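Colleague: Take the given structure of chain W and dock chains V and Y with the ligand to it, following the hints.
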Amino acid sequence: MKEKIGKDYPIIESHEGGSIITTKLDDLLNWARSNSLWPLTFGTRCCAIEFMAVGASRHDFSRFGMEVARATPRQADMIVISGSINYKMAPVLKRLYDQMADPKYVMAMGACAISGGPFYYNSYSIVKGADHVIPVDVYIPGCPPRPEAFLFGLMQLQKKIRHERYFSAKKVKK
Amino acid sequence: MAEYKEVYLTSDEIKTDDYLVNMGPQHPSTHGVLRLLVKLEGEKVLNVQPHIGYIHSGIEKMTESLTYIQIPHLTDRMDYLAAHMNNEAVSLCVEKALQVEVPERAKYIRTIFDELQRIASHQLWWCAFGMDMGALTTFFYGLRDREDILDIFEETCGARLTLNYSIPGGVMFDIHPNFQRDVKAFIKKFRAKLPEYERLLTGNVIFRERTKGVGILSKEEAIAYGVTGPSGRASGFSCDIRKKQPYSAYPYVKFNEIMGTDGDTFTRYHLRILEMFESMDIIEQLIDNIPEGDYAVKMKGVTKLPEGEYYQRVETGRGEFGVYVISDGKKNPYRMKFRSPGFSNLFAINNIAKGWKIADLVAIMGTFDLVIPDIDR
Amino acid sequence: MTNDSLIQSISSLLPEAQIKMGFEYVEAFIPVDKLHDFMLQMKNNPEMAFDYLICLTGADFPDHLQVIYHLESTSHNHVIVIKVKTIGRENPSVDSVSDIWPTADPHENEAFDLLGIKFNNHPEPRRLFLDDTWGYPLRKDYQDDVHIVSR
Ligand code: SF4
Numbered sequence: 001m002k003e004k005i006g007k008d009y010p011i012i013e014s015h016e017g018g019s020i021i022t023t024k025l026d027d028l029l030n031w032a033r034s035n036s037l038w039p040l041t042f043g044t045r046c047c048a049i050e051f052m053a054v055g056a057s058r059h060d061f062s063r064f065g066m067e068v069a070r071a072t073p074r075q076a077d078m079i080v081i082s083g084s085i086n087y088k089m090a091p092v093l094k095r096l097y098d099q100m101a102d103p104k105y106v107m108a109m110g111a112c113a114i115s116g117g118p119f120y121y122n123s124y125s126i127v128k129g130a131d132h133v134i135p136v137d138v139y140i141p142g143c144p145p146r147p148e149a150f151l152f153g154l155m156q157l158q159k160k161i162r163h164e165r166y167f168s169a170k171k172v173k174k
Numbered sequence: 001m002a003e004y005k006e007v008y009l010t011s012d013e014i015k016t017d018d019y020l021v022n023m024g025p026q027h028p029s030t031h032g033v034l035r036l037l038v039k040l041e042g043e044k045v046l047n048v049q050p051h052i053g054y055i056h057s058g059i060e061k062m063t064e065s066l067t068y069i070q071i072p073h074l075t076d077r078m079d080y081l082a083a084h085m086n087n088e089a090v091s092l093c094v095e096k097a098l099q100v101e102v103p104e105r106a107k108y109i110r111t112i113f114d115e116l117q118r119i120a121s122h123q124l125w126w127c128a129f130g131m132d133m134g135a136l137t138t139f140f141y142g143l144r145d146r147e148d149i150l151d152i153f154e155e156t157c158g159a160r161l162t163l164n165y166s167i168p169g170g171v172m173f174d175i176h177p178n179f180q181r182d183v184k185a186f187i188k189k190f191r192a193k194l195p196e197y198e199r200l201l202t203g204n205v206i207f208r209e210r211t212k213g214v215g216i217l218s219k220e221e222a223i224a225y226g227v228t229g230p231s232g233r234a235s236g237f238s239c240d241i242r243k244k245q246p247y248s249a250y251p252y253v254k255f256n257e258i259m260g261t262d263g264d265t266f267t268r269y270h271l272r273i274l275e276m277f278e279s280m281d282i283i284e285q286l287i288d289n290i291p292e293g294d295y296a297v298k299m300k301g302v303t304k305l306p307e308g309e310y311y312q313r314v315e316t317g318r319g320e321f322g323v324y325v326i327s328d329g330k331k332n333p334y335r336m337k338f339r340s341p342g343f344s345n346l347f348a349i350n351n352i353a354k355g356w357k358i359a360d361l362v363a364i365m366g367t368f369d370l371v372i373p374d375i376d377r
Numbered sequence: 001m002t003n004d005s006l007i008q009s010i011s012s013l014l015p016e017a018q019i020k021m022g023f024e025y026v027e028a029f030i031p032v033d034k035l036h037d038f039m040l041q042m043k044n045n046p047e048m049a050f051d052y053l054i055c056l057t058g059a060d061f062p063d064h065l066q067v068i069y070h071l072e073s074t075s076h077n078h079v080i081v082i083k084v085k086t087i088g089r090e091n092p093s094v095d096s097v098s099d100i101w102p103t104a105d106p107h108e109n110e111a112f113d114l115l116g117i118k119f120n121n122h123p124e125p126r127r128l129f130l131d132d133t134w135g136y137p138l139r140k141d142y143q144d145d146v147h148i149v150s151r
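Protein chains in written order, with our numbering: chain W, 1 to 174; chain V, 1 to 377; chain Y, 1 to 151.
Hints are computed from structural coordinates only; laboratory data are not their basis. Predicted model only: the values in this text are computed from it and were never measured. Worth double-checking, as some hints may not be accurate.
Said to hold, decoys possible - Calculated lysine to any residue pairs in the SDA-like style (CA-CA distance at most 20 angstroms, straight line):
(1) K354/V with P123/Y
(2) K39/V with E124/Y
(3) K140/Y with N332/V
(4) K83/Y with G308/V
(5) K140/Y with S65/V
(6) K94/W with K331/V
(7) K140/Y with T67/V
(8) K244/V with T2/Y
(9) K189/V with S57/W
(10) K128/W with E60/V
(11) K244/V with V26/Y
(12) K243/V with T74/Y
(13) K20/Y with I326/V
(14) K219/V with W134/Y
(15) K243/V with P123/Y
(16) K219/V with Y25/Y
(17) K330/V with R74/W
(18) K331/V with W134/Y
(19) K128/W with P123/Y
(20) K140/Y with S57/W
(21) K243/V with W134/Y
(22) K219/V with I100/Y
(23) K140/Y with K219/V
(24) K244/V with S73/Y
Stated by the list, open to error - Pairwise CB distance ranges (calculated):
(25) E13/V with M155/W: 58 to 66 angstroms
(26) V302/V with P62/Y: 20 to 28 angstroms
(27) D145/Y with P91/W: 18 to 26 angstroms
(28) E164/W with D145/Y: 51 to 59 angstroms
(29) S5/Y with P177/V: 50 to 58 angstroms
(30) G355/V with Q99/W: 29 to 37 angstroms
(31) E164/W with N91/Y: 57 to 65 angstroms
(32) Y120/W with N256/V: 39 to 47 angstroms
Every residue gets a Cβ at the ideal spot worked out from N, C-alpha and C, and that includes glycine.
Next comes chain W alone, as it looks inside the complex (with noise of 0.2 angstroms):
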């Protein structure tokens, strides 16, 4: 009998007896990734308490895996951009994010990190848009975004690891 585990991971597929399962490495690997998100330690406006609250008692991101925040980006997963980056800060926030060990995600949370958001327009300093330094893979509206936002976010990061492939690309026809 094949019994398939979740609707996430229709590939693991776990056997009579319940200690065998067949999956591919590509699964197995993303399935380990997408629950482990461990993000950086790294706030720098209104964003990052909010940030804060999703991690901690109501709201507790440690659900969805995303367990410990590290303060340094070797051991960090993925990088939330909560807040607005500045012309001084930019290259710090490169050498974070070349620091970090492949595979790295970025998720840019709120206006400021998405476009500059309220400093938009006829302030000289702030970067507009944190995708002008490091690419961002998931961005998540509001100024601040709702823990509920933030968490639906962090989930669209997991379909979107779930779906990468290491072992199996497809061969790219000629």
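Modeller: Only chains V and Y with the ligand this time, still in chain W's reference frame:
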């Protein structure tokens, strides 16, 4: 066989070269993007030089092309933990210049919001400070109760953090019908909880050892460095604007300005806890007496301030916040300056931290309750 | 001290000062070369005792720059606004008061950073927020075609 001899060295005899350590801009204990250049001899701090500007966003320049009705909405992006106080400061300044009398109801609502915001701000500070000192429990306790306040905010004005509630002329909406009930329920619950939270750190031996007598700021220094708010009051500097130049409904309430004498890290910590009790007292005096009537006076969309200069001070969670407007009679301010409490407080750190260990520097910085966008603007 | 007696004692202290009653506080214009001595007196004169510098900032005007000091006395509870005009806009310089009030140190750096006012005898002049290559953004003639749209 060589003779074995024990050698004891005191820390004065072990000499090392001075070295510079770069703390930040991405560092978990700087609460944002502050960068400190710390000069150390061994573990002893010789000099701290704050480098700021990593989140500078030119708000003062932006205000020069915004109208007076738009500006308050920008200010809650500065000190987001005291968003309502910042809104209120600009509103009060504009009202003062135009000589608009705000309805009593709006004054009461503003004051209640101020104090709720102060509790929320101190709560967040408390949980972050506990984390700085290695106590993770405070993080979960503090943010749990803060959510209750945010729910109250959300019910009335729709936002959790950046409230945009106070506008020139009053407040944006009337309070939610459940507001009074919810606030009272919260106060009842929080009154029971807060002593427990206090015991968690205040009686803790490790915590006391690390904070008592550490990082002393004398009263004279506090005044000279312009350290205001709970940090200034812990040194005995009576700097509460709510007492000195009462605004909104503060003239109607009785409350104590809580003062310390020691000026050390522990006093700064404990004073904030006591301030939360005091805030609850203020709310309790007001919550049942909110007068009926309008919640705002009608203001024109484009307001022109008469020519002149206006300065308005309010007390935020971190200290004295000032709005200084130079108006040339147009619809935009000619120059607007925000005197932020964190900016002055931060630069007193060098004076305090000198001579202490680097671990104490983290504790000292924690008690100053720094919000970096408030410093950088 | 009340505002009236403040006006009187300042005019006796420095007859050149132009004093006027502002909206709320007394505003006094001080000649730029007398600033440091005057400020020293403001702090040390027991009648004034302005020991707390609330706010120091600058502003740009068409033919000069201004530095504005908000002072408070913690013992007498009075507030005063002191202003100086710099000479011209090209090379504005004002004496530093950071030896009188240490808090003036960062505030003066901020004014230097954003407005380009030089403070003589400042212990540690540096730009606080921006890089050395930036212009002075709070000046009215600051040019930035990318970020600033004039409406
Ligand atoms: S998007 Fe809004 S809430 Fe978030 S950091 Fe920017 S200004 Fe603050």
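Colleague: So, for every hint listed, does it hold in this structure?
Modeller: Structure-based check of each hint:
no.	hint	verdict
1	K354/V with P123/Y	18 angstroms, holds
2	K39/V with E124/Y	16 angstroms, holds
3	K140/Y with N332/V	13 angstroms, holds
4	K83/Y with G308/V	14 angstroms, holds
5	K140/Y with S65/V	12 angstroms, holds
6	K94/W with K331/V	40 angstroms, violated
7	K140/Y with T67/V	17 angstroms, holds
8	K244/V with T2/Y	15 angstroms, holds
9	K189/V with S57/W	17 angstroms, holds
10	K128/W with E60/V	18 angstroms, holds
11	K244/V with V26/Y	18 angstroms, holds
12	K243/V with T74/Y	13 angstroms, holds
13	K20/Y with I326/V	16 angstroms, holds
14	K219/V with W134/Y	38 angstroms, violated
15	K243/V with P123/Y	35 angstroms, violated
16	K219/V with Y25/Y	26 angstroms, violated
17	K330/V with R74/W	53 angstroms, violated
18	K331/V with W134/Y	29 angstroms, violated
19	K128/W with P123/Y	36 angstroms, violated
20	K140/Y with S57/W	48 angstroms, violated
21	K243/V with W134/Y	42 angstroms, violated
22	K219/V with I100/Y	16 angstroms, holds
23	K140/Y with K219/V	40 angstroms, violated
24	K244/V with S73/Y	12 angstroms, holds
25	E13/V with M155/W: 58 to 66 angstroms	59 angstroms, holds
26	V302/V with P62/Y: 20 to 28 angstroms	24 angstroms, holds
27	D145/Y with P91/W: 18 to 26 angstroms	23 angstroms, holds
28	E164/W with D145/Y: 51 to 59 angstroms	41 angstroms, violated
29	S5/Y with P177/V: 50 to 58 angstroms	52 angstroms, holds
30	G355/V with Q99/W: 29 to 37 angstroms	34 angstroms, holds
31	E164/W with N91/Y: 57 to 65 angstroms	60 angstroms, holds
32	Y120/W with N256/V: 39 to 47 angstroms	45 angstroms, holds
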